[in-house]
Amino acid sequence: MSSLERQSSSRSFRPSDDTDSRGSCSSLLICFSYCSSVICFPCAICLSIRVIQQYERAVIFRLGKVMREAAGPGLIFILPCIDDFRCIDMRTTSFDVPPQEVLSKDSVSVTVDAVIYFRVFDANKAVVNVENATMSTQLLGQTTLRNILGTKTLAELLSKRDQINFEMQQVLDKLTDAWGVKVERVDVKDVRLPKDMQRSMAAEAEAAREARAKVVAAEGEKKAAIALRDAAETIAGTPTALQLRYLQTLTTISAERNSTIVFPFPVDFMPFFPVKNFAAPKSKSPVRSNATSLREVKPTAKGDPQKSNVI
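Residue numbers (full-length UniProt numbering): 1 to 311.
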């Protein structure tokens, strides 16, 4: 890079001054051209006046020497047979870098393409210091893309694109400064991997997702176990809560299916129900089997009911 910069600086453009000493022949030709323009004004005006657009600049050569500054925009005057000019477009231009086969730092072959945005900021340098500024910038962009990406690993190519874009823009802008070209932006569009590498990375990503899912499930089970432990400690300290939980479970079971479920009645529930002990009366008369009825109705001969004595 340093050798290229030295070569660029050695060939850098230095505009000539109109006040520089000229030979007598050059001065004579310039004076003759001015006189011819004045004498043949109707015809010379068509050959001498040019219109330069707002986004253009005209680099004028007089007797083969470039003028101090690029002319334009608007009307410019050139001397017939003495001056020559070349228009340069100063607008931002973009071009796509063709897909480049790059070997990354960790020996992975990838295919990368990019887009570069640049513009000419010095028309004189773009004409004098380089034959074709646009083509030279494109070729330099391809070479710089391969050189920079070759120093990056595959993980960096996939995750640090912004850093790579900025680094390429800085390098290209520094190298093209001697050509009068300003590289405004570089974007790496796509990084394509071989098929086998894509399958390997997909399997690795799937394994990583499964591992994260297992970790999340384990953390959930841990939290659930802690909650169950706290609930068990709370229920153990309150017997009534255990009985309520038991009844809630029975309610849930009975709501699921329309079937009869036989379950043992817990003895622990007995203290919660009032129980009255009735003593049997001591009597010599026999006790009737129908304990729920205190009276007995016997039919009479005529069919009318007759009340019996209370037992």
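No wet-lab data here; the hints were simulated from the structure.
Since the model is a prediction, treat every value here as computed from it, not as a measurement.
Hints should not be assumed to be uniformly reliable.
Unchecked claim - Between beta-carbon pairs, the in silico distance windows are:
id: 1; residue 1: 253; residue 2: 219; range: 30 to 40 Å
id: 2; residue 1: 162; residue 2: 204; range: 17 to 27 Å
id: 3; residue 1: 53; residue 2: 95; range: 20 to 30 Å
id: 4; residue 1: 219; residue 2: 161; range: 57 to 67 Å
id: 5; residue 1: 194; residue 2: 252; range: 21 to 31 Å
id: 6; residue 1: 162; residue 2: 197; range: 21 to 31 Å
id: 7; residue 1: 73; residue 2: 42; range: 51 to 61 Å
id: 8; residue 1: 107; residue 2: 229; range: 50 to 60 Å
id: 9; residue 1: 107; residue 2: 232; range: 56 to 66 Å
id: 10; residue 1: 86; residue 2: 40; range: 16 to 26 Å
id: 11; residue 1: 204; residue 2: 95; range: 52 to 62 Å
id: 12; residue 1: 205; residue 2: 165; range: 18 to 28 Å
id: 13; residue 1: 194; residue 2: 61; range: 19 to 29 Å
Said to hold, decoys possible - Within a straight-line C-alpha distance of at most 27 Å, the following computed DSSO-like cross-link-like pairs (lysine-lysine) qualify:
id: 14; residue 1: 182; residue 2: 214
id: 15; residue 1: 189; residue 2: 223
id: 16; residue 1: 160; residue 2: 174
id: 17; residue 1: 152; residue 2: 189
id: 18; residue 1: 65; residue 2: 105
Where is the CB? At the ideal position from N, CA and C, for every residue including glycine.
Verification of the hints:
1. Separation of residue 253 from residue 219 is about 31 Å and conforms to the stated range, judged on CB atoms against 30 to 40 Å.
2. Hint check: residue 162 to residue 204, Cβ distance near 24 Å, so the stated range 17 to 27 Å holds.
3. Checking the proposed 20 to 30 Å range against residue 53 and residue 95 shows it holds: the Cβ atoms sit about 22 Å from each other.
4. The supplied range of 57 to 67 Å is broken by residue 219 and residue 161, whose beta-carbon atoms lie about 33 Å from each other.
5. Taking the beta carbon of each, residue 194 and residue 252 are about 57 Å apart, not inside 21 to 31 Å as hinted.
6. Checked against the hint of 21 to 31 Å, the C-beta distance between residue 162 and residue 197 comes to roughly 23 Å, which is consistent with it.
7. Between residue 73 and residue 42 the CB atoms are about 26 Å apart, so this pair departs from the stated range of 51 to 61 Å.
8. Here the CB-CB span from residue 107 to residue 229 is close to 53 Å, well matched to the stated 50 to 60 Å.
9. Distance hint check for residue 107 and residue 232: the Cβ-Cβ separation is about 58 Å, which falls inside the suggested range of 56 to 66 Å.
10. Separation of residue 86 from residue 40 is about 25 Å and conforms to the stated range, judged on CB atoms against 16 to 26 Å.
11. Restraint check, residue 204 to residue 95: a C-beta distance of roughly 36 Å breaks the suggested window 52 to 62 Å.
12. The hint said 18 to 28 Å for the Cβ distance between residue 205 and residue 165, and at roughly 25 Å that hint holds.
13. At about 52 Å, the CB distance of residue 194 to residue 61 disagrees with the hint of 19 to 29 Å.
14. The hinted pair formed by residue 182 and residue 214 fails the criterion: a straight-line CA distance of about 52 Å is larger than 27 Å.
15. Using a Cα cut-off of 27 Å, the hinted pair residue 189 and residue 223 is violated, with the two alpha carbons roughly 45 Å apart.
16. Note on residue 160 and residue 174: the hinted pairing holds, with a Cα-Cα distance of about 22 Å set against a maximum of 27 Å.
17. For the suggested pair residue 152 and residue 189, the alpha carbons sit about 16 Å apart, so the restraint of at most 27 Å is met.
18. For the hint pairing residue 65 with residue 105, the CA-to-CA distance comes to about 48 Å; that exceeds 27 Å, so the pair is violated.
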